[in-house]
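Residue numbers (my numbering), protein chains in the order written: chain R, 51 to 663; chain B, 943 to 1023.
The hints are simulated quantities; they were obtained by calculation from the structure and are not laboratory data.
Computed from a predicted structure; not experimentally measured.
For glycine and all other residues, C-beta sits at the position ideal for the given N, C-alpha and C.
Warning: the hint list may mix true and false statements.
With a straight-line Cα cutoff of 30 Å, these simulated DSS-like cross-link-like pairs (lysine-lysine) come out [to be verified]:
{"no.": "1", "chain 1": "B", "residue 1": "K994", "chain 2": "R", "residue 2": "K77"}
{"no.": "2", "chain 1": "B", "residue 1": "K1020", "chain 2": "R", "residue 2": "K62"}
{"no.": "3", "chain 1": "R", "residue 1": "K182", "chain 2": "R", "residue 2": "K205"}
{"no.": "4", "chain 1": "R", "residue 1": "K498", "chain 2": "B", "residue 2": "K994"}
{"no.": "5", "chain 1": "B", "residue 1": "K1016", "chain 2": "R", "residue 2": "K61"}
{"no.": "6", "chain 1": "R", "residue 1": "K90", "chain 2": "R", "residue 2": "K74"}
{"no.": "7", "chain 1": "B", "residue 1": "K1012", "chain 2": "R", "residue 2": "K267"}
{"no.": "8", "chain 1": "B", "residue 1": "K1016", "chain 2": "R", "residue 2": "K90"}
{"no.": "9", "chain 1": "R", "residue 1": "K61", "chain 2": "B", "residue 2": "K965"}
{"no.": "10", "chain 1": "B", "residue 1": "K965", "chain 2": "R", "residue 2": "K606"}
{"no.": "11", "chain 1": "R", "residue 1": "K267", "chain 2": "B", "residue 2": "K994"}
{"no.": "12", "chain 1": "B", "residue 1": "K962", "chain 2": "R", "residue 2": "K66"}
Coverage of chain B stretches by chain R, computed from C-beta distances (three or more under 8 Å per stretch; other residues unrestricted) [what the hints assert, rightly or not]:
{"no.": "13", "segment": "979-991"}
{"no.": "14", "segment": "1006-1019"}
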Amino acid sequence: MKEDIKERFLKKEISKEEFLSYLKDLKDYKDYLFFWQVIKDYGDFIKDFKKCKVGILRSFTLETMIPFLKVSFLKRNLDAKIILGNFNSIYQDLSQPLEWIKDLEFLIIFYRMEDFSPDLPYKFNNMSPEEKEKEASRIKELLNSWMELALKVFKGPVFFSNFDFPNYFPSEYYDSQDLNGLLYFVNKLNYDVLEIARDKNIYIIDLFKVQLRCGLKDYFDERMYYISKYPFSQKSTIMISNHISRFLKAFLFPPKKVLVLDLDNTLWGGIIGEDGINGIKLGPDYPGSAYVNFQKKILNLYYNGVLLAISSKNNYEDAMDVFKNHPNTVLKEENFVVMRINWDEKESHLKEISKILNLGTDSFVFIDDSEYECERIKKTMPEVTVYKMPKDPTEITTFFEKIEDFDFVNISEEDRKRAKMYHEEARREELKISSPTLEDFYFSLKMKLQIGSVTADKFQRISQLTQRTNQFNLTTKRYTEEDIKYFSENEDYRLYWARLSDNFGDYGIIAAAILLRENDGFIIDTFLLSCRAIQRTVETAFLAYIFKKAKEEGIKYIKGKIIYTKKNIPARDFYQRHNFTKITQNENEEEWFAEVNSINLNYPEWFQIEEVS
Amino acid sequence: MVEEKVFEVFSTVMGVPREKISKDTSVENLEVWDSVQHLNLILSLEEEFSVKFSPEEIQEMLSIQAILSKINEKLNSKILL
């Protein structure tokens, strides 16, 4: 840290921008300490930081780590209050329980092998396999009881550390060959503890992994352990602090959704427009191998549900040539949800990508090798997270490790499906943009609509639709599965559903209607469309089906209300568009009416309709 | 050079402006230099100079003078090796 800036910090002559930039870049042990001291004078620079209380119950000295934890959280725009439990009193702290535990956002239980079993590494070679098994069981039972206690007294996310490897090997080479060796023992113990933890939805602070990254020799400070029972070195103190704050941050901030990539000197070395497909660096030899590895890491992000997009100033054909024909390309066309490869400004690219995906640019990460493009986007779209691709290919790995924006804690089938849906929707949007008229667009979608009466297997989905649909929902009545079941068994009610699919994919069941027969009329109690299916004239087809059914039953008229909510403005012209007549109106709702035989409502021509009985 | 670096690290860790420190500064005359800060200082100096101090040495380095002399000693023995 430069002498000058530090003096200005102490004199409080620092601007907010300098403050935040210094915070982001600090990395030395002394700079963490310095920042921790001056932070008390800069409260208003961090007043917008998200606040959280982190409680740590521990079996060893952790006071030394507090400044580093605090600053690591600040680096991630989190103002964390770190509260330590009593020294080596985890069980007591949990059973009491300490009264501040319930007010925490996060609870961490932090312990080490030394505190459970201090002599283990030294007597290990003298223990029989049964004795080793017994010791492992003892430790697991103890941890299990702590876990149950923790879940009883705290309802938020709970974290338990796993075991780092002790600073002593009972034998230099034999242990590594021994299926009952200490190496295997610690690994198996960590695996078993993970199983127990995950079963209880408890998270693991992976000290073993941090130790691996740090290197065992640099991880411990034996001397500090002798002096104050604090085991960690300067290096591991900083690494553990950042590991914890990075992990907890992923709980507070959702991952970014879209990664927008440049092409030249980002996904390959060189410039495709100048070097040609044989001249760009992408292959088994350096520097091409560095870019191949980078592409593999990007592909892994794709598998994790991140949406990949391209923003490149290039000729479209030149660039696509690489994805289609280059023998070493890892990423292919289908991995990208939107590609903008033309000579427009990148700002336009990002705006178009945002529009097509219907996702805000504040969920975007932008990687480009050009200082100019990066600075431009930082200025014109500050909500986008920008990273400059390193010029030196050997720096790519370190660069990529620093990107925390796509950290996620859990991944579900839902998440994977959602990414797939974005891909399908993007293709539809692009088709719409390129269709001369809306009708052309509708025809080219080749939509298929399945419509029918609700059966028991659909109760859950219909109920879910009534609970979740806000925009295209005429009356916004929320129904449980039991309600739907009741309607379906009641002969005065009619329940209809519709399922949509097209050239690009299957939307599933996206429309529901609940009608009540009133003498020789139908009252539309519920008519809704999932927002995925709006602006495709599905509502017209669905209404046409209702009219058809009405005619079959000899129904003379159909009535329906529009009950106003803040969100259902898109639905308000529904009846008018289909030539109903308004019959009542007040400040909360309006009612519409149509005679079944006076309106000729047909299925729009671009649908293939399947009526399911 | 070593002297300037030591002053810089000291000033950073203690949160004290450069002009407030001199070769005479010690635990006796600087209130903020307590036992916690002392360890912080030692660990920071170790990182800065890539040296390591024993528990005994840590206990002896209670003034800027003592620190300078200890560090020079360590650095010289490194060169001699």
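Hint check results:
Of the pairs offered as hints, the one joining K994 (chain B) and K77 (chain R) holds, with about 20 Å between alpha carbons and a cut-off of 30 Å not exceeded. Note on K1020 (chain B) and K62 (chain R): the hinted pairing is violated, with a Cα-Cα distance of about 40 Å set against a maximum of 30 Å. Annotation: proposed proximity of K182 (chain R) to K205 (chain R) is violated, straight-line Cα distance about 34 Å (limit 30 Å). For a cut-off of 30 Å, the pair hint linking K498 (chain R) to K994 (chain B) is broken: about 74 Å separates their Cα positions.
A C-alpha spacing of about 34 Å is found between K1016 (chain B) and K61 (chain R), which places the hinted pair above 30 Å, so the restraint is violated. This hinted pair checks out: K90 (chain R) and K74 (chain R) have alpha carbons roughly 18 Å apart, not beyond 30 Å. Only pairs whose Cα atoms come within 30 Å are accepted, and K1012 (chain B) paired with K267 (chain R) is accepted, the gap being roughly 24 Å. Between K1016 (chain B) and K90 (chain R) the CA atoms are separated by roughly 36 Å; this puts the pair beyond 30 Å, and the hint is violated.
The hinted pair formed by K61 (chain R) and K965 (chain B) meets the criterion: a straight-line CA distance of about 23 Å does not exceed 30 Å. A hinted pair counts as satisfied when its Cα atoms are at most 30 Å apart, and K965 (chain B) with K606 (chain R) does not qualify at roughly 102 Å. Straight-line distance between C-alpha atoms of K267 (chain R) and K994 (chain B) comes to about 14 Å, which keeps the hinted pair within the 30 Å bound. With a C-alpha separation of about 26 Å, the suggested pairing of K962 (chain B) with K66 (chain R) holds against the 30 Å cut-off.
Under a criterion of three residues with beta carbons nearer than 8 Å to beta carbons of chain R, the stated coverage of the segment 979-991 of chain B is upheld, 7 such residues being counted. A count of 0 residues in the segment 1006-1019 of chain B with a Cβ less than 8 Å from any Cβ of chain R is obtained; the coverage claim is therefore unmet, three being the minimum.
Hint compliance for this structure: hints 2, 3, 4, 5, 8, 10 and 14 are not met, and every other hint is.
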